[in-house]
Each structure stands twice: as structure tokens, then as C-alpha cells.
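Use the sequences and the hints to build the structure in full.
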Amino acid sequence: MDWGLILDLTLKAFLGLDAVYYIVAALGMNVQFGYAGLLNFGQAAFMAAGAYGLGMAVNYFEYSWWLGLVVGGVYAAVLALIVGVPTLRLRADYLAIVTIAMAEMIRLIVRSVTHKDKFGGTDGLKGFADGFQDLNPFAQGKVYGIGPFQASNTAVTVLLLVIYGLISLGIGYAIARKRKAAKLVPTTLIAGAITYGITLLITSRVKYLGSELWVLIVGWVLVGIFSVFVYMLMRSPWGRVIKGIREDEDAVRSLGKNVFGYKMSALIIGAVLGMFSGVLFALKNSNVQPDNYSRAVTFYIMTALVLGGLATVTGSIVGPMLFWALLAFTDVFLSELSDAQGRVEIFGIELLKDSSARGQFRLGMVGIGLILLMVFRPQGIFGNRKEMALDGR
Amino acid sequence: MTFRIRHLAALVLALIATFGMFLASPASADAPANRAPRAATCDGPGIRAQVNDQANGEKKPIEGVKITVNDASGAEVVTGNTDATGRVLLCVPEKATYTVTLDESTLKDGQALDGEATVTIDGAKFTTNTRTINFFTGAAVRETDGYWTLLVKAIVNGFRLGIVIAICSVGLSLIFGTTGLTNFAHGELVTFGGIVAHLLSVSWGINFILAAVITVFLGGMFGVGLDAGLWSPLRKRGVGLVSQMVVSVGLGIFLINLYLMRFGGSTKRFQAYNQQTAMKWGPIEITARDLTTTIISLAVLIGVALLLQKSRLGKATRAVSDNVDLASSTGIDSAKIIRIVWFLGAALAALGGIVRGLDEGVRADMGGSLLFLMFAGITLGGLGSAYGALVGGFVIGMFVEVSTIGIPWFPDLPFLGWIKNGVPTELKNVPALAALILILMIRPQGILGRKERVG
Numbered sequence: 006m007d008w009g010l011i012l013d014l015t016l017k018a019f020l021g022l023d024a025v026y027y028i029v030a031a032l033g034m035n036v037q038f039g040y041a042g043l044l045n046f047g048q049a050a051f052m053a054a055g056a057y058g059l060g061m062a063v064n065y066f067e068y069s070w071w072l073g074l075v076v077g078g079v080y081a082a083v084l085a086l087i088v089g090v091p092t093l094r095l096r097a098d099y100l101a102i103v104t105i106a107m108a109e110m111i112r113l114i115v116r117s118v119t120h121k122d123k124f125g126g127t128d129g130l131k132g133f134a135d136g137f138q139d140l141n142p143f144a145q146g147k148v149y150g151i152g153p154f155q156a157s158n159t160a161v162t163v164l165l166l167v168i169y170g171l172i173s174l175g176i177g178y179a180i181a182r183k184r185k186a187a188k189l190v191p192t193t194l195i196a197g198a199i200t201y202g203i204t205l206l207i208t209s210r211v212k213y214l215g216s217e218l219w220v221l222i223v224g225w226v227l228v229g230i231f232s233v234f235v236y237m238l239m240r241s242p243w244g245r246v247i248k249g250i251r252e253d254e255d256a257v258r259s260l261g262k263n264v265f266g267y268k269m270s271a272l273i274i275g276a277v278l279g280m281f282s283g284v285l286f287a288l289k290n291s292n293v294q295p296d297n298y299s300r301a302v303t304f305y306i307m308t309a310l311v312l313g314g315l316a317t318v319t320g321s322i323v324g325p326m327l328f329w330a331l332l333a334f335t336d337v338f339l340s341e342l343s344d345a346q347g348r349v350e351i352f353g354i355e356l357l358k359d360s361s362a363r364g365q366f367r368l369g370m371v372g373i374g375l376i377l378l379m380v381f382r383p384q385g386i387f388g389n390r391k392e393m394a395l396d397g398r
Numbered sequence: 013m014t015f016r017i018r019h020l021a022a023l024v025l026a027l028i029a030t031f032g033m034f035l036a037s038p039a040s041a042d043a044p045a046n047r048a049p050r051a052a053t054c055d056g057p058g059i060r061a062q063v064n065d066q067a068n069g070e071k072k073p074i075e076g077v078k079i080t081v082n083d084a085s086g087a088e089v090v091t092g093n094t095d096a097t098g099r100v101l102l103c104v105p106e107k108a109t110y111t112v113t114l115d116e117s118t119l120k121d122g123q124a125l126d127g128e129a130t131v132t133i134d135g136a137k138f139t140t141n142t143r144t145i146n147f148f149t150g151a152a153v154r155e156t157d158g159y160w161t162l163l164v165k166a167i168v169n170g171f172r173l174g175i176v177i178a179i180c181s182v183g184l185s186l187i188f189g190t191t192g193l194t195n196f197a198h199g200e201l202v203t204f205g206g207i208v209a210h211l212l213s214v215s216w217g218i219n220f221i222l223a224a225v226i227t228v229f230l231g232g233m234f235g236v237g238l239d240a241g242l243w244s245p246l247r248k249r250g251v252g253l254v255s256q257m258v259v260s261v262g263l264g265i266f267l268i269n270l271y272l273m274r275f276g277g278s279t280k281r282f283q284a285y286n287q288q289t290a291m292k293w294g295p296i297e298i299t300a301r302d303l304t305t306t307i308i309s310l311a312v313l314i315g316v317a318l319l320l321q322k323s324r325l326g327k328a329t330r331a332v333s334d335n336v337d338l339a340s341s342t343g344i345d346s347a348k349i350i351r352i353v354w355f356l357g358a359a360l361a362a363l364g365g366i367v368r369g370l371d372e373g374v375r376a377d378m379g380g381s382l383l384f385l386m387f388a389g390i391t392l393g394g395l396g397s398a399y400g401a402l403v404g405g406f407v408i409g410m411f412v413e414v415s416t417i418g419i420p421w422f423p424d425l426p427f428l429g430w431i432k433n434g435v436p437t438e439l440k441n442v443p444a445l446a447a448l449i450l451i452l453m454i455r456p457q458g459i460l461g462r463k464e465r466v467g
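Chains A and B, in that order, give the protein sequences.
Mapping of the first sequence onto our numbering: position 53 corresponds to residue 58, and the numbering continues sequentially without gaps.
Mapping of the second sequence onto our numbering: position 184 corresponds to residue 196, and the numbering continues sequentially without gaps.
Since the hints were made in silico from the structure, they are not lab data.
Accuracy of the hints is not assured; some may be wrong.
[Claimed, not checked] Pairs of lysine-lysine, DSS-like flavour, derived with a Cα cap of 27 angstroms: (1) B/K440 to A/K123; (2) A/K183 to A/K358; (3) A/K131 to B/K107.
Printed below as a string of C-alpha cells:
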């Protein structure tokens with residue numbers, strides 16, 4: 006068993022693109038579900054709206070690729086309106102049913118032969134990411150380490166050290182605030198120093214391809230922007246009303262607030278975040294394929310979100326990172342464990358006949374994990390149990 | 013933490029019972045019985061030409077036709093004659109652009125080629141190892157059905173689909189009515205029926221009818237096991253309904269991956285009653301198998317409706333579904349009713365899975381894809397109402413099939429081509445899903461539901 010390989014691949018997934026696009030989508034679902042109590046089971050459709058918006062802008066309307074973001078945004082917002090108008094006045098489970106039905110409808114239409122000229126059928130769309138990759142400062146086929154001391158010249162080393170330092174300091178500050186430390190500055194410095202050490206250790210082991218690294222950097226920058234945006238939004242008067250709606254809709258209505266309008270804007274904000282997630286995923290693969298936006302994706306993002314903790318920004322960032330790290334770990338661990346015939350055994354008990362079934366095995370475990378989380382720790386890692394008093398009214 | 017050991021044990025037992033059955037059978041149990049034998053193979057890429065005569069409406073292979081393959085420059089690469097199955101396999105050195113030519117002089121008298129004698133294979137699209145090229149002689153005789161024949165066929169199909177959806181969604185609706193749970197794992201209960209019946213009848217070789225009966229019983233027990241092991245403890249802990257809904261999503265993810273692991277991702281057919289010729293009464297065509305399953309399903313549906321309407325048990329069920337507290341205060345044991353509802357609902361779902369599996373084959377995601385139609389059905393009928401599920405499911409099934417036909421007299425309006433020409437078959441579920449959204453806009457409580465439930 007090669008523990009070094011297991012560690013490397015786990016860490017790579019921890020910081021990787023899958024985690025990034027899940028984070029952006031999870032932030033959107035968090036605005037909807039965690040803060041506003043709106044159960045959107047169709048996030049995959051909003052992601053598809055973003056991805057197809059980009060792909061169609063370039064391939065079908067022949068705009069430049071960044072106009073595709075606008076097209077995707079319009080698609081996502083229109084979808085949210087179509088879904089929201091009939092359901093937001095009804096009970097929570099109606100929204101869940103309608104969003105999941107809508108997502109399935111979108112998937113069926115984009116993969117159909119009938120509309121192949123626009124959406125490309127089951128093959129999807131390709132070639133729209135060229136404009137984006139042209140801006141890539143890295144050599145596409147080359148492998149880059151992201152640790153400061155793996156860099157080729159001193160300037161990059163110093164730059165990376167500073168960037169990681171600032172991020173660590175920020176995390177340290179967040180930890181100090183969270184713990185309500187009496188001495189803010191020393192606690193921030195200590196927590197920041199520990200985080201810095203861990204960051205340097207992790208980054209020294211991880212390598213990405215140049216084409217991937219470019220999307221990854223853009224993705225993490227977007228994660229930073231959106232996290233701050235959601236954090237500020239939820240501390241604003243608007244956010245307090247939204248949380249009030251989650252707790253007691255009638256009370257908020259009796260204060261003269263337009264509950265429907267607030268819910269609708271929460272739904273649209275979540276949808277637009279979902280759209281950015283879809284765009285990142287499309288840029289990562291340089292293609293859009295309809296079956297990548299099935300309902301399972303929504304469910305996995307939901308699991309990652311619940312793992313991190315609903316109604317917290319930290320939760321929607323760390324949840325998906327841990328989710329993908331765990332998936333990668335299970336995958337590599339099981340494949341390392343399998344013998345020459347592909348049989349996987351733990352302590353003499355046969356787990357899998359054929360290690361190629363480990364993909365399904367780990368996703369089955371995701372299902373079990375979601376059940377256990379919802380039952381025993383609905384607030385996830387970072388959430389507050391008081392904020393999770395969800396019920397169907 | 014009041015999650016009692018007893019409940020956990022029940023859940024574990026239920027899971028082991030199902031899991032154990034899957035473990036006992038190898039995943040690749042189905043024999044490739046009806047695959048056509050492939051005579052020769054190439055080491056590298058190959059081109060298979062098939063020549064068939066289609067003049068009399070059915071395909072007949074033609075032997076001894078000369079096929080020549082030339083490369084892009086026009087040089088001859090390989091040539092060969094078709095065998096008794098009308099096929100010839102021609103090995104080529106690489107996946108490149110070729111032209112395949114049929115020598116028309118080798119055709120027998122009276123056989124005229126339908127289409128071009130020379131076909132060009134684009135090298136960029138030569139992706140599979142063996143490319144198959146079809147040649148046909150004789151004009152194609154396609155039976156073009158008239159509008160009414162098509163409509164009758166669609167109605168027959170819609171009738172059958174409607175009954176399956178109705179059977180599957182009774183449980184979904186009753187469980188919602190009695191416990192408030194919107195069960196996103198209900199589709200997996202349908203799949204359970206299909207897969208277990210396939211396992212018992214094909215892999216274990218049990219008589220199909222016996223296997224179906226056992227499966228329906230096991231399906232019911234699976235439902236009771238889930239309720240005893242998972243849902244009942246959750247209700248006792250006071251876990252919110254939205255959280256329960258998310259738990260059902262987790263259960264669905266687990267079950268579908270378990271099915272995929274043990275059953276594989278392909279479609280598998282039951283071997284019993286497989287190749288039957290259709291009986292005809294005027295425009296109606298139906299095989300004896302489909303007629304039987306339809307009659308049985310219809311009888312079951314009527315039985316369920318009578319059970320709910322007439323028996324004490326059914327009245328109690330409807331009472332609990334209306335208002336749990338009120339029902340309990342009149343002395344109804346609502347916990348017992350919920351157990352019965354779970355048994356009945358899951359058993360009916362399993363039956364639906366068997367009927368659907370006979371029709372379309374068994375797949376690990378067969379129930380998941382029906383779930384949307386079930387939701388559309390019970391929303392139309394009214395969430396929580398058992399009759400609503402019967403009526404709504406039936407209407408939705410009919411709607412899905414009939415919407416593919418269209419109304420030819422409808423004026424040619426922009427964006428409304430689907431009404432005139434019918435919905436493309438691959439998109440036939442889309443109007444039903446759109447109807448779901450539309451119903452919620454106009455009458456959210458559905459046909460038979462009550463207004464106070466919705467919001």
C-alpha cells in the first residue's frame with residue numbers, strides 16, 4: 006500500500022476543481038436552503054443553464070465567451086422565475102418536487118436529438134473554452150506544483166508565501182472570532198501560524214496540470230469573492246429578513262415584508278451562484294455533457310453542504326473540500342487494497358468482488374453518510390443546531 | 013439520543029436481508045442467450061457489410077454479394093462475398109477513410125438496390141472497432157399507420173403506463189398522507205421489485221409467477237423494515253419533515269448505488285413470457301403477457317380502492333391520512349396503520365416494478381425515472397389522497413403516451429408545434445413534468461386534494 010500516493014491524491018482532491026465547483030454551487034444552495042429554508046433539488050439545472058449558456062453563446066450565437074456568462078445568468082434567472090412563481094407560495098416540499106422535475110425536464114430537452122442543433126444532444130458542446138484557455142499564463146501540458154518552494158524562481162516563491170500567509174491569517178482571524186477569544190491578536194497569530202504550517206505542508210505535496218491550474222486559480226478567486234458576498238449579504242438587513250422567513254414566515258409577513266419577493270430573490274441569487282458553478286465545471290472539462298447535470302449531482306452537493314454545516318459560509322467551503330477528499334481517499338484506498346484479481350478485502354471480510362465497483366461503493370457510502378448526518382448531526386461540522394430547526398410547518 | 017438499538021437492529025436486518033440476496037448472486041448472472049453468433053473477428057479494425065432484402069416487409073439476408081473496400085486514394089484494400097447471414101467482415105489495416113462498394117452485378121435478378129451502391133466511411137467517425145454498413149434491396153415497405161390506429165395504440169400504451177404509475181404512487185401518496193414524509197426513495201422501492209423478481213426468476217430459476225408473488229411480499233416487508241428501522245425512530249425523535257425528506261434522498265442514493273453494484277448498469281429482461289406475438293382486435297394490438305399484467309394490475313387497483321372505501325382498515329387508513337391526531341383520539345392505532353401503509357405501499361411499488369420490468373426490462377434506475385411521473389400524478393390527484401394517486405397517476409400515464417400523437421387539425425402556430433405534430437418520443441415525459449408545474453400554478457391542491465394541505 007502506497008500511503009504517499011493516497012495522501013497526495015486525497016490532498017489534490019481537497020484543493021481540486023471538483024471541490025471548487027461544488028463550493029460555488031453549495032454556496033448557492035446554502036443561500037436557498039440554509040438561510041431561506043427553500044429546498045432546491047434542481048441545482049443541477051441551474052448549473053446546466055450556466056454551462057449551456059456559455060457553450061451556446063460561443064457555438065450557437067457566436068458571441069465571445071465572456072458574454073456567455075451573461076447568457077448563462079439570464080438562463081438561470083429565468084429558470085428560477087419559472088420555478089419560483091408557482092411554488093414559493095406553497096409548502097417546502099412542493100418546491101423540492103418542482104425543482105427536481107424541472108431539472109429532469111431540462112436534462113431531457115438538452116440531450117434530445119430533436120434539439121441537437123442547439124444543445125448538441127448527448128455529445129453536448131465542445132470548443133467554447135478556447136477563448137478562456139488563450140488567457141492561460143501556464144503551459145497547458147506542463148505539471149506545476151503549487152507549493153512555494155517548488156516554484157522555479159524566487160519571485161514566485163515569495164509571492165506564494167505572501168498569498169498563503171494572508172489566507173492563513175484570515176482563517177486564523179475567523180477562528181479567533183468564532184471562539185470569541187479574549188485576546189484577539191495573539192489568538193489570531195497563533196491560529197494563523199498553525200494554519201500557515203498546515204497550508205505549506207499540504208501545498209508542497211500537490212501538483213496540477215497547467216490547463217487545470219488556470220481554471221483552479223480562477224475558481225478559488227471566485228470562491229473568495231462569493232464567500233465574502235454571501236457572508237456580507239447574510240449580515241445585512243436583507244439577510245436578517247431571509248433568516249426570519251426561514252424561522253417564521255407569518256411573523257415576517259406581519260411586519261409588512263414582501264415574503265414572496267424575498268424568497269424569489271434568494272432563489273435567484275442561489276441560481277446565479279449555481280450557474281457560475283456550472284461554468285467552472287464546463288471550463289474544467291472544456292465541454293458540456295447533459296448527463297453531468299443529473300439529479301444525483303444536486304444530491305451530492307447537498308450532502309457536501311450538510312457535511313460542512315447549513316447556514317454557515319465556512320461550512321459550504323469546507324464541506325465540499327472534505328467531501329471530495331473523502332471520495333478520493335476511499336477510491337485510492339480501495340484500489341490500493343485490491344489484490345491482483347481486483348478483490349477487496351478488509352480484515353478477511355470481502356468488501357468488493359471487483360474493485361471497479363468502488364465508484365458505486367463510495368457513492369453508496371455518501372447516501373449512508375447523508376442519512377447519518379441528518380439524523381445525528383444535522384448542523385454538520387460548523388453549523389449551529391439552533392439554526393437547523395427545519396420542519397415542514 | 014433515543015435512537016434505540018432495537019430499531020437499528022431492525023434496519024440492519026432489513027438491509028442484510030436484501031443485501032444478502034444480492035451477495036448470493038453473481039452480478040453477471042444473465043446468460044447472453046439471444047445474441048447472434050459472430051463468426052469471424054479481425055485483430056485490428058474491420059468493416060462489416062450486411063446485405064438484406066426488404067422487399068416484402070421483412071428482412072431476408074442475401075448471400076454471395078461482392079463487397080469491395082477502397083481506401084481514400086481509390087486503391088482496393090480488401091474484397092469479399094457475403095455469407096448465408098448476408099454478412100461479410102472485411103479487415104482493414106487502420107481506422108481511416110474508406111469507400112465501401114457493393115457490386116450490383118452480383119445481385120440476383122429482380123433485386124434492385126435501394127440507395128447508393130457506394131458508401132463512404134469518414135475516418136474521423138471510425139471510432140468503434142468494427143463499422144457496420146447496411147445495404148438493402150427492394151423498396152422499403154413501411155406500414156404507415158393511419159392517425160386513428162396510432163391514437164388507439166397510444167391509448168393502449170397510455171392505459172398500461174397509467175396503471176403502473178397509479179400502482180406505484182398509491183404508496184407514495186398514502187405514506188405522505190399518514191406520516192407527512194415526501195419519500196424521494198420511493199422510486200427505489202419500485203426498482204426493488206424489478207431487481208428481486210429478476211434475481212429470483214432468472215438467476216435462481218424460480219417459476220416466474222411464484223417469484224413475482226414472493227417479490228411483492230418481500231417488497232412489502234422491505235417497506236415495513238424501513239419504517240421500523242428508520243422512519244419510525246425518526247418520527248419519535250421529532251426530526252422535522254424537511255430533514256426526513258433529505259434523509260430519504262440519502263436512502264435513495266444508497267439504494268441505487270447498491271443496485272448498481274450488485275445488478276450492474278445494463279437493462280436486463282425477464283426470460284419468461286418474452287417473445288409473444290401480439291393478438292389483434294381491429295386496431296388494438298396487445299400480447300397475452302401485457303393483457304394479463306394489465307388485467308391483474310387493474311384488479312389490484314380496484315381491490316385497493318375497495319379496501320380503502322369499504323373495509324374498517326381502509327377507513328382507518330383514510331382517517332389517519334386526513335388527520336393523525338383526530339384519528340388517534342378516536343381510538344385508531346395510528347402506528348399500526350402506518351406500518352400497514354408502508355407494507356401496502358412498498359408491496360404495490362414492487363408489483364409496479366415487476367410489471368414495468370416485463371414491459372421495458374429491469375434497470376437499476378427504472379424506479380428513479382418513474383419517480384417524476386409519480387410525483388406529477390399525485391400532485392395532479394392531490395398530495396396525500398389515495399384516490400387522487402390512482403386517478404392522477406392514471407391520467408399522467410395516459411397523457412405521456414397520447415401526447416406523442418398530437419392533433420393534426422390544430423392550426424400551425426409558432427411554438428405550439430408539439431400540439432399539432434405530437435411530442436417527440438424521447439421527450440414524452442416533458443409535457444407531464446410541465447403539467448406538474450402548471451397544476452401547481454392553477455390548482456395546487458390537485459383534483460381530489462384539500463386546500464389546507466398546500467401552504
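Verification of the supplied hints:
no.: 1; hint: B/K440 to A/K123; result: 19 angstroms, holds
no.: 2; hint: A/K183 to A/K358; result: 46 angstroms, violated
no.: 3; hint: A/K131 to B/K107; result: 23 angstroms, holds
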